[in-house]
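Protein chains in written order, with my numbering: chain U, 1014 to 1238; chain X, 1014 to 1238.
No lab work stands behind these hints, which were simulated from the structure alone. The structure presented is a predicted model; accordingly, all values stated were derived computationally and were not measured. One thing to keep in mind: the hints can contain errors.
Facing chain X, according to a computed beta carbon distance under 10 angstroms, are these residues of chain U, among others [stated by the list, open to error]:
#1 Thr1044
#2 Gln1138
#3 Val1162
#4 Asp1167
#5 Trp1194
#6 His1207
#7 Phe1221
#8 Leu1225
#9 Leu1229
#10 Ala1234
#11 Gly1237
From the structure, some residues in chain U lie toward chain X, with a derived Cβ separation under 8 angstroms [to be verified]:
#12 Trp1061
#13 Val1063
#14 Leu1120
#15 Lys1148
#16 Ala1166
#17 Tyr1202
#18 Leu1227
#19 Gly1231
Note that CB positions come from ideal geometry on N, CA and C, so glycine has one too.
2 protein chains.
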Amino acid sequence: MTGRRRATHSLEAVLAEAIALLDEAGEPALTFRALAARLGGGVASIYWYVSSRDELLDRATDEVMGRLLEDTADLGRGPDPVADLRALSLALFDEMRRRPWFGTYMLRNTGLQPNSMLMFDRLGQQLMRLDLTAKQQFHAVSSLVNYVVGVAADMAQPPPQEFLDSGMEPDRFLAVYAERWRALDPDRYPFAHHVADEFAVHDDEEVFRSGLDLLLAGIRAQAGR
Amino acid sequence: MTGRRRATHSLEAVLAEAIALLDEAGEPALTFRALAARLGGGVASIYWYVSSRDELLDRATDEVMGRLLEDTADLGRGPDPVADLRALSLALFDEMRRRPWFGTYMLRNTGLQPNSMLMFDRLGQQLMRLDLTAKQQFHAVSSLVNYVVGVAADMAQPPPQEFLDSGMEPDRFLAVYAERWRALDPDRYPFAHHVADEFAVHDDEEVFRSGLDLLLAGIRAQAGR
DNA sequence: TCGAACCATAGAACGCCGTTCGATAGAGTG
DNA sequence: CACTCTATCGAACGGCGTTCTATGGTTCGA
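Based on the provided sequences and hints, a complete structural model is requested.
Structure, rendered in structure tokens:
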């Protein structure tokens, strides 16, 4: 009944607001001060739930991965393991495009988050259905995960400051870059000229898929089917 | 003849010391204060040569890429374009393993550094020797570069703090992780158990090569040779 | 030889960050 | 009611990138 003088939090609320902050403005926007302001409390309170910024990012990442696992729970039971591998990879990639910070942090994370490990295992389980040695399976999953995470992290980079400042639409953005490719010395950069038109109209997801399919084709060939 | 009262720098010296700092202690170690101390001058002086920390990293990265281009100038004239592609990719990967910060920054960098662009073009020139459409060529190079940079960045992550603190040798490190895999619930993590032994003895470079060869096999198949 | 113009250097400060410390409000318990 | 334990918070610390302003040192025309 007396007016509340102090805010009250919970780990769930902290993670939820942290993820919201990350989604809205990217990784650099997640500061303890911004987070505290959102929670309506003081900075130091957050340390009750989380012992460092790194752990906060860790937990946020694992939380998102957990949701992704739920959303894709049905993938992995199809007749063709390679098709399941593809579907899972695409789901992962989609999430990383939706949340650039997610992919970037996956890359940094070397630890053993429960849900990331579960995702790794689900991919591996598909490989176990193929006729490959354990070593081949391990290599295949590693390559695949590294490819997905690496490419997603790469493509998730925000456009340089100069474009954010100019308020240009993202579509024009590619065109401007293609123009720069064409402006290069053709003798030194023959390939850039050769593919400038492709670059100008390319779709990141399609590029991702084409590399993914190259990898999957290789895996399929190794397994002899 | 009179004692020098002020330090004197140059862009070359700034870049050289910055690279030395990065090589010795990684990206976080590159601070303007540490760099100024090395150069024997004040912090603000560095801004005469470079307008921000980002530009400093940019220039350092491009400098390293320039040297790498020189060192590998002979690659790219062999009879088999795919073999050249492979050799270039391995050279890139090696450099990124030697300099973790280099790979990590390549990932972040979306801009148009002259030497990175040259490397991209040299890879692309190999693709031009294959019988593929421009679109296929563009996709293939993108996939390849993304794979190399992504995987290298992933593998370049330093071991977690707990290991640095414990003073454990890097070899034991893998073994400890493998032990953790084995300690997981076998019903929830069947694949982790299945490949724990492989993981315990794996070699990052071999894993990289196996994925690279999957990609290259796919490209070769596309080109019909 | 002098002084103006310019290049390069640097000290000090600003604002932001993650993190720590100590105080304390409020809920639960006898 | 007193005691304990949980959770909250204001204030401060040290380090960071960056900026401002002053000034040392050099060059060069008159």
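Evaluated hints:
Look at Thr1044 (chain U): its Cβ only gets to about 17 angstroms from chain X, farther than 10 angstroms, so that hint breaks. Look at Gln1138 (chain U): its Cβ gets to within about 5 angstroms of chain X, closer than 10 angstroms, so that hint holds up. Look at Val1162 (chain U): its Cβ gets to within about 6 angstroms of chain X, closer than 10 angstroms, so that hint holds up. Checking Asp1167 (chain U) against chain X: minimum C-beta separation of about 5 angstroms stays under 10 angstroms; hint holds.
Of the supplied interface hints, the one on Trp1194 (chain U) holds, with its beta-carbon coming within about 8 angstroms of a beta-carbon of chain X, less than 10 angstroms. For His1207 (chain U), the interface hint holds, the least distance from its beta-carbon to any beta-carbon of chain X being 6 angstroms, beneath 10 angstroms. At about 8 angstroms, the closest approach between the beta carbon of Phe1221 (chain U) and any beta carbon in chain X falls short of 10 angstroms, and the interface hint on this residue holds. Interface restraint check: Leu1225 (chain U) against chain X, minimum CB-CB distance 8 angstroms, threshold 10 angstroms, status holds.
For the restraint placing Leu1229 (chain U) at the interface with chain X, the shortest Cβ-Cβ distance is roughly 8 angstroms, inside the 10 angstroms limit, so the hint holds. At about 7 angstroms, the closest approach between the beta carbon of Ala1234 (chain U) and any beta carbon in chain X falls short of 10 angstroms, and the interface hint on this residue holds. For Gly1237 (chain U), the interface hint is violated, since its Cβ never comes within 10 angstroms of a Cβ in chain X; the closest pair sits about 14 angstroms apart. Given the 8 angstroms rule on beta carbons, the hint for Trp1061 (chain U) is violated: about 21 angstroms separates it from the nearest Cβ of chain X.
The restraint placing Val1063 (chain U) at the interface with chain X is violated, with a minimum CB-CB distance near 16 angstroms, outside the 8 angstroms limit. Using the Cβ-Cβ criterion of 8 angstroms, the hint placing Leu1120 (chain U) at the interface with chain X is satisfied: the shortest such distance is roughly 6 angstroms. Taking 8 angstroms as the C-beta cut-off, the interface hint given for Lys1148 (chain U) holds, the closest approach to chain X being about 5 angstroms. Because the beta carbon of Ala1166 (chain U) sits about 6 angstroms from the nearest beta carbon in chain X, less than 8 angstroms, this interface hint is met.
Interface restraint check: Tyr1202 (chain U) against chain X, minimum CB-CB distance 5 angstroms, threshold 8 angstroms, status holds. The interface hint given for Leu1227 (chain U) is met, as the beta carbon of that residue sits about 3 angstroms from the closest beta carbon of chain X, less than 8 angstroms. For Gly1231 (chain U), the suggested interface contact is upheld, since its CB lies about 3 angstroms from the closest CB of chain X, less than 8 angstroms.
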